[in-house]
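S.K.: Those protein sequence lines, which keep their order, are chains A and B. Residue numbering for the first sequence follows numbering that gives the first Met the number 0, starting at 0 and increasing by one per position. Residue numbering for the second sequence follows numbering that gives the first Met the number 0, starting at 0 and increasing by one per position.
Incorrect hints may have been included.
Here are some chain B residues pointing at chain A (derived, C-beta under 10 Å) [said to hold, decoys possible]:
| id | residue |
| --- | --- |
| 1 | Ala7 |
| 2 | Phe22 |
| 3 | Val34 |
| 4 | Arg36 |
| 5 | Leu79 |
| 6 | Met91 |
| 7 | Gly92 |
| 8 | Ser157 |
Take a look, some chain B residues computed to stay more than 12 Å from chain A by CB distance [said to hold, decoys possible]:
| id | residue |
| --- | --- |
| 9 | Phe29 |
| 10 | Asn65 |
| 11 | Glu66 |
| 12 | Trp106 |
| 13 | Ala121 |
| 14 | Glu131 |
| 15 | Ile169 |
Label-pair distances were calculated between CB atoms; the ranges are [said to hold, decoys possible]:
| id | chain 1 | residue 1 | chain 2 | residue 2 | range |
| --- | --- | --- | --- | --- | --- |
| 16 | B | Gly122 | A | Phe9 | 41 to 51 Å |
| 17 | B | Ala68 | A | Arg24 | 14 to 24 Å |
| 18 | A | Glu29 | B | Phe22 | 35 to 45 Å |
| 19 | A | Phe9 | B | Asn65 | 33 to 43 Å |
FYI, nobody ran anything at the bench for these hints, they're computed from the structure. Please read all numbers here as calculations on a predicted model, not as lab measurements. Note that the Cβ used here is the ideal one computed from N, Cα and C, for glycine as well.
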Amino acid sequence: MTYLVVAYAFAVALLGGYLFVSLRRLRELERIQ
Amino acid sequence: MNRYEKAAVAAVALMLIAGVAIFVFAPTDFLQGPVQRIFYLHVSSAIAAYGCFAVVLVGGIVYLRNESAAADRFARAGALVGVIFTTVTLVMGMLWAKPIWGTYWTWDARLTSTLVLWIIYAGYLLVRRLAEPGRQAARIGAVVGIFGFVDVPVVHFSVTWWRTQHPGPIVVNDALPPQMLAAFFLTLACTLVLAAVMIAIRYRIETLQDEREDLLVAAQVVPARQPEAAR
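Please take these sequences and the hints and turn them into a complete structure.
M.R.: As structure tokens, this is what we get:
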């Protein structure tokens with residue numbers, strides 16, 4: 000069970016973190032533009 | 000909220016639905032227990048990564064044919080998102096392997112070729128980051144992206160070409176009960192949508208960054224020419 004929780008926690012952190020950082024970067028670039 | 004943010008919210012909502020299918024709808028595996036639920040996102044991420052690297056391949060070919068900046072941007076976006084999905088595949092696979100095989104890693108054909116795939120595209124990203132932006136970097140990137148794709152069929156067919164610790168194809172061999180199969184296809188569809196949204200967002204970022212760089216280059220060129228014009 001621990002491995003299952005760690006596996007999905009990692010996936011959510013990586014995919015969600017990347018999506019969040021991308022959207023923040025996009026907003027920043029569009030503001031500069 | 001712009002259209003990219005709306006698309007991201009929709010993709011996250013779809014992934015939450017996939018989460019319900021994985022943890023509520025899909026039955027627990029009799030032999031492996033709850034840890035088998037890693038399968039759904041592990042395999043979906045691998046297929047999403049194949050799709051991303053196919054974008055790099057097509058982008059590279061189109062760039063070499065007509066030097067389209069848009070194709071190069073798609074290739075860069077596909078490589079980054081593909082590396083992220085390959086990372087998810089590798090780490091989830093390792094965390095599944097430990098309770099089932101007793102080890103996080105073994106150098107069998109499937110695991111090794113997937114690690115090589117990750118290294119190829121991480122190398123691609125490194126080349127694009129370190130090389131001076133321009134035609135030369137885009138050409139080198141296109142060639143690396145095209146030849147790198149050779150590893151995708153090697154990864155996919157490694158379980159049938161060689162004897163591996165990693166299990167062979169189970170989805171195409173009808174080895175899953177219908178509820179598991181339905182949960183898998185739903186997760187796969189949602190993961191592919193998420194990958195497409197991530198590529199679209201990255202493509203937009205690459206476009207804005209390219210435009211900004213062009214403006215900066217133009218701004219550097221203008222002051223350099225001014226004293227000449229004054230003479």
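S.K.: Are the hints correct? Go through all of them and say.
M.R.: Consistency of the hints with the structure:
no.	hint	verdict
1	Ala7	6 Å, holds
2	Phe22	9 Å, holds
3	Val34	5 Å, holds
4	Arg36	6 Å, holds
5	Leu79	9 Å, holds
6	Met91	5 Å, holds
7	Gly92	9 Å, holds
8	Ser157	22 Å, violated
9	Phe29	16 Å, holds
10	Asn65	26 Å, holds
11	Glu66	24 Å, holds
12	Trp106	21 Å, holds
13	Ala121	14 Å, holds
14	Glu131	21 Å, holds
15	Ile169	18 Å, holds
16	Gly122(B) / Phe9(A): 41 to 51 Å	23 Å, violated
17	Ala68(B) / Arg24(A): 14 to 24 Å	20 Å, holds
18	Glu29(A) / Phe22(B): 35 to 45 Å	36 Å, holds
19	Phe9(A) / Asn65(B): 33 to 43 Å	40 Å, holds
Figure legend: structure checked against the earlier numbered hints; hints not met, in rising order: 8, 16.
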